[in-house]
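2 protein chains.
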Amino acid sequence: METGKTVPDLKLKLLIFSSFLLNVFFVSYIYRFIGNQIDSGWSSPAAVEAEAAAAISCSGHGRAYLDSVIFDGNPTCECNTCYAGKDCSLLLSNCAADANSGDPLFLEPYWRRNAAGSAVLVAGWHRMSYEANGDNYISLELERHLRLLHYAVGNAITRDHFIVFGAGSTQLVNAAVHALSPDDVNFNESSTALVVATAPFYRLYKQQTKFFDSRENLWDGDTSNLDNLNASSGANFIEFVTSPNNPDGKLKQSVIGGSSVIYDHAYYWPHYTAIANPADEDIMLFTVSKISGHAGSRFGWALVKDRKVYKKMVQYLLLNTFGVSRDTQLRILKLLKVILAEVGREGDIFKFSYETLNKRWAKLSNVISSSSRFSLQKLSPLYCTYFHKIRDPSPAYAWVKCERLEETDCEAVLREAGIISRAGEAFEAESRYTRLSLIKTKDDFDQLLSKIESLVSNERVSSM
Amino acid sequence: METGKTVPDLKLKLLIFSSFLLNVFFVSYIYRFIGNQIDSGWSSPAAVEAEAAAAISCSGHGRAYLDSVIFDGNPTCECNTCYAGKDCSLLLSNCAADANSGDPLFLEPYWRRNAAGSAVLVAGWHRMSYEANGDNYISLELERHLRLLHYAVGNAITRDHFIVFGAGSTQLVNAAVHALSPDDVNFNESSTALVVATAPFYRLYKQQTKFFDSRENLWDGDTSNLDNLNASSGANFIEFVTSPNNPDGKLKQSVIGGSSVIYDHAYYWPHYTAIANPADEDIMLFTVSKISGHAGSRFGWALVKDRKVYKKMVQYLLLNTFGVSRDTQLRILKLLKVILAEVGREGDIFKFSYETLNKRWAKLSNVISSSSRFSLQKLSPLYCTYFHKIRDPSPAYAWVKCERLEETDCEAVLREAGIISRAGEAFEAESRYTRLSLIKTKDDFDQLLSKIESLVSNERVSSM
Numbered sequence: 536m537e538t539g540k541t542v543p544d545l546k547l548k549l550l551i552f553s554s555f556l557l558n559v560f561f562v563s564y565i566y567r568f569i570g571n572q573i574d575s576g577w578s579s580p581a582a583v584e585a586e587a588a589a590a591i592s593c594s595g596h597g598r599a600y601l602d603s604v605i606f607d608g609n610p611t612c613e614c615n616t617c618y619a620g621k622d623c624s625l626l627l628s629n630c631a632a633d634a635n636s637g638d639p640l641f642l643e644p645y646w647r648r649n650a651a652g653s654a655v656l657v658a659g660w661h662r663m664s665y666e667a668n669g670d671n672y673i674s675l676e677l678e679r680h681l682r683l684l685h686y687a688v689g690n691a692i693t694r695d696h697f698i699v700f701g702a703g704s705t706q707l708v709n710a711a712v713h714a715l716s717p718d719d720v721n722f723n724e725s726s727t728a729l730v731v732a733t734a735p736f737y738r739l740y741k742q743q744t745k746f747f748d749s750r751e752n753l754w755d756g757d758t759s760n761l762d763n764l765n766a767s768s769g770a771n772f773i774e775f776v777t778s779p780n781n782p783d784g785k786l787k788q789s790v791i792g793g794s795s796v797i798y799d800h801a802y803y804w805p806h807y808t809a810i811a812n813p814a815d816e817d818i819m820l821f822t823v824s825k826i827s828g829h830a831g832s833r834f835g836w837a838l839v840k841d842r843k844v845y846k847k848m849v850q851y852l853l854l855n856t857f858g859v860s861r862d863t864q865l866r867i868l869k870l871l872k873v874i875l876a877e878v879g880r881e882g883d884i885f886k887f888s889y890e891t892l893n894k895r896w897a898k899l900s901n902v903i904s905s906s907s908r909f910s911l912q913k914l915s916p917l918y919c920t921y922f923h924k925i926r927d928p929s930p931a932y933a934w935v936k937c938e939r940l941e942e943t944d945c946e947a948v949l950r951e952a953g954i955i956s957r958a959g960e961a962f963e964a965e966s967r968y969t970r971l972s973l974i975k976t977k978d979d980f981d982q983l984l985s986k987i988e989s990l991v992s993n994e995r996v997s998s999m
Numbered sequence: 536m537e538t539g540k541t542v543p544d545l546k547l548k549l550l551i552f553s554s555f556l557l558n559v560f561f562v563s564y565i566y567r568f569i570g571n572q573i574d575s576g577w578s579s580p581a582a583v584e585a586e587a588a589a590a591i592s593c594s595g596h597g598r599a600y601l602d603s604v605i606f607d608g609n610p611t612c613e614c615n616t617c618y619a620g621k622d623c624s625l626l627l628s629n630c631a632a633d634a635n636s637g638d639p640l641f642l643e644p645y646w647r648r649n650a651a652g653s654a655v656l657v658a659g660w661h662r663m664s665y666e667a668n669g670d671n672y673i674s675l676e677l678e679r680h681l682r683l684l685h686y687a688v689g690n691a692i693t694r695d696h697f698i699v700f701g702a703g704s705t706q707l708v709n710a711a712v713h714a715l716s717p718d719d720v721n722f723n724e725s726s727t728a729l730v731v732a733t734a735p736f737y738r739l740y741k742q743q744t745k746f747f748d749s750r751e752n753l754w755d756g757d758t759s760n761l762d763n764l765n766a767s768s769g770a771n772f773i774e775f776v777t778s779p780n781n782p783d784g785k786l787k788q789s790v791i792g793g794s795s796v797i798y799d800h801a802y803y804w805p806h807y808t809a810i811a812n813p814a815d816e817d818i819m820l821f822t823v824s825k826i827s828g829h830a831g832s833r834f835g836w837a838l839v840k841d842r843k844v845y846k847k848m849v850q851y852l853l854l855n856t857f858g859v860s861r862d863t864q865l866r867i868l869k870l871l872k873v874i875l876a877e878v879g880r881e882g883d884i885f886k887f888s889y890e891t892l893n894k895r896w897a898k899l900s901n902v903i904s905s906s907s908r909f910s911l912q913k914l915s916p917l918y919c920t921y922f923h924k925i926r927d928p929s930p931a932y933a934w935v936k937c938e939r940l941e942e943t944d945c946e947a948v949l950r951e952a953g954i955i956s957r958a959g960e961a962f963e964a965e966s967r968y969t970r971l972s973l974i975k976t977k978d979d980f981d982q983l984l985s986k987i988e989s990l991v992s993n994e995r996v997s998s999m
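Chains A and B are the protein sequences, given in the same order. Position 454 (the first sequence) corresponds to 989 in the working numbering; numbering is contiguous. Position 288 (the second sequence) corresponds to 823 in the working numbering; numbering is contiguous.
Among these hints, one or two may not hold up.
Identical copies look the same in the list; a pair holds intra-copy or inter-copy alike.
[What the hints assert, rightly or not] Computed list of lysine-lysine pairs in DSS-like fashion (alpha-carbon distance at most 27 Å, straight line):
(1) Lys894 - Lys846
(2) Lys787 - Lys986
(3) Lys924 - Lys741
(4) Lys977 - Lys886
(5) Lys787 - Lys913
(6) Lys787 - Lys840
(7) Lys872 - Lys745
(8) Lys872 - Lys621
(9) Lys843 - Lys745
(10) Lys886 - Lys787
(11) Lys843 - Lys548
(12) Lys745 - Lys846
(13) Lys924 - Lys785
(14) Lys913 - Lys886
(15) Lys741 - Lys843
(16) Lys546 - Lys745
(17) Lys886 - Lys872
Calculated directly from the structure, the hints in this document are not laboratory data.
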């Protein structure tokens, strides 16, 4: 018998060779792929942390944020109205539907869908300086994208306008009033600017003007109370015009005219209204809150034609807050890029928003139409230059009227039925009116609709 | 000769088995590790984008941000003073050293070193709502960490104080003045609050009060001009006390006393001064700008004892800007966590800052000490409860005095020598004084020192 070394079988040779090749392949794959992962290092903890927070289940009725209160080492869920419990799965009974605030959470699903494009990783050394790369603490890329946005949507002319950033249009409201007021009244009240608006109007204009109580201006109330609206009468009026209006969603014009009109176009986007033509007024205010839904970011801008007014507003921003957070500016830029990339496409935010709010309005209108106790504002279909078609209404708010003679306090009527609304008096309108927000979460709208349906069906029952 | 199947060698068996085991190992490794990488998806583009921007080389004399102007598809470098070119490698000749602004970029290297811990990935749906999880739009975790910070450093008592957030202490300055002013003077100017400070003081207090020109208060100037400082004289004074003071770094006390004193403690941190004891005044202002160096984020806070004053300040924040950006609040929380984690350790930000600024002060003092033309403010070593030792000065600013009789305009003297400073008049001080910022980038300080050295050595030459 022969002993010692023998020749291996051919199949075995192939097996060894294949196994060896596989190992070579794995090593090179790992080297290339993981090599990159290991070399990139510093962004990973932040990315991991963010995905972990996002993955926390809140039953679809809430969400956990990176900076939510920590329990057991993890951020806790923050629940939608009427939901509670560790994972927001508990629906509270006897809980009022809250339709008070114009909190634009209806847009949250849009951003979850666009998670990858809309996330931004802020490095520890991002824009530490007071200075940004543009004048007056603004990011040049952000300014450029805002102009692109107006161009893409066609809702405002920007080429003749300077841009002023603000912490929400909230900050720009008083900055504009200040800029249109005289430089110094020197205790001569006759030159004091008189600030007015036409009811129903957004109460911030009045609240701010009275609260800051500048010597250079004075809240003068509703335009319908003015005897003489002729701007040449000598009185220096500053008029607020909100178009579409808050609370009733109607397109508005100036009543007084002249050059001291501040147009608040917060809602002049395809979400809420047909775009008739691009706005081109002297002062136009916009806010990201009502476009992307990022109310918490505090970012708005003003388009301003007059250089002197612009300079005064910029000075206001400097002395009030040294401009707007550069962190916020970065985030808004990222969001705008997503919006612009999707314009006219399947993922168009304006399409998403219009469809969502139109459905909500249609449902609510449908229920209210069978009621004689309540009515809604009349809004007509209009041609929209953005969608290139006639479109049905999709307002941000329902402006409800209590029709029964004896029901003069509509907010109380709804409150008794478990619906929190914002009373007409808050808009200098009759208390027969009250405002319902239609732009909150799906949970909020479902709760609202359900309570309205009960109310209206009780109407039919009690009339039987 | 025998043919057909044969028995493989033992070594070969081991080789096959090992190779096979390796295959199994690699497959499971790739499945676990890379599987995670592939499954996690949405945070990756943001992380990759951020690391790419951070990796752009700006020659150590600048940096590219995610929102820098794009050229050739990439963000471009933003260069330090006197540097230019695509990668900031070009040092400009005849370029003035800019020591004007208190821009705290000396802290940038600290955050680059802490890249992993200080990065934050902001999801597209992060805090879209107006509401935060605390009252008045504040993040509860951030408030908790601010109290922890004061406790860790020992520079302020917080347990008896409410906290108000502001867009920088800038916003809180006017919020505090407003809160301390009467609710409504009703055109009776005798109750108008008189706002004062003691020269040299930070000019924002005066600029803001005059600019916003509220009927409830009036800028009344330097305390040294007041005949009667007795608070019971009937006049309603609101006094600003900055301690350590800007521009001279000295610890200050109220001159007037009473309950309407606003203490601006922007610099009361171990970077700039010994911590003698925890401050415990009725109103204390702080800003993240001078702690972490994130001046661009616009974040500050006020510690307020009196409930009514707190409520008024909160109302100011609501009507001015609906609170502070929730994006910014998240970022600041992340930065505070890094700071707190490193307190008392090798990576302590206070240690880093003190050592940096102390060295700069020492170098500058050394040069100026050989000058008879210029002098600096006198600052003594003091015992610091944070470092548990006597520490040399490390002020944010040099308060330079021109000693020559004929040189009454010190800002002009330095400007002629290629140094931009902030004139004494900006602080209501004599123009014989001017302020140099010592807290900017290393490039800024090197340029400043170099120009000062030339100036002083010319002094020696011309006196020979």
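To see whether the hints hold, each was checked on the structure:
| no. | hint | in the structure |
| --- | --- | --- |
| 1 | Lys894 - Lys846 | neither (43 Å within a copy, 41 Å between copies) |
| 2 | Lys787 - Lys986 | neither (31 Å within a copy, 61 Å between copies) |
| 3 | Lys924 - Lys741 | neither (37 Å within a copy, 55 Å between copies) |
| 4 | Lys977 - Lys886 | within (17 Å within a copy, 50 Å between copies) |
| 5 | Lys787 - Lys913 | within (14 Å within a copy, 64 Å between copies) |
| 6 | Lys787 - Lys840 | within (20 Å within a copy, 46 Å between copies) |
| 7 | Lys872 - Lys745 | neither (38 Å within a copy, 40 Å between copies) |
| 8 | Lys872 - Lys621 | between (35 Å within a copy, 25 Å between copies) |
| 9 | Lys843 - Lys745 | both (24 Å within a copy, 19 Å between copies) |
| 10 | Lys886 - Lys787 | within (24 Å within a copy, 59 Å between copies) |
| 11 | Lys843 - Lys548 | neither (85 Å within a copy, 88 Å between copies) |
| 12 | Lys745 - Lys846 | both (24 Å within a copy, 17 Å between copies) |
| 13 | Lys924 - Lys785 | within (19 Å within a copy, 68 Å between copies) |
| 14 | Lys913 - Lys886 | within (23 Å within a copy, 66 Å between copies) |
| 15 | Lys741 - Lys843 | both (24 Å within a copy, 22 Å between copies) |
| 16 | Lys546 - Lys745 | neither (92 Å within a copy, 93 Å between copies) |
| 17 | Lys886 - Lys872 | within (16 Å within a copy, 41 Å between copies) |
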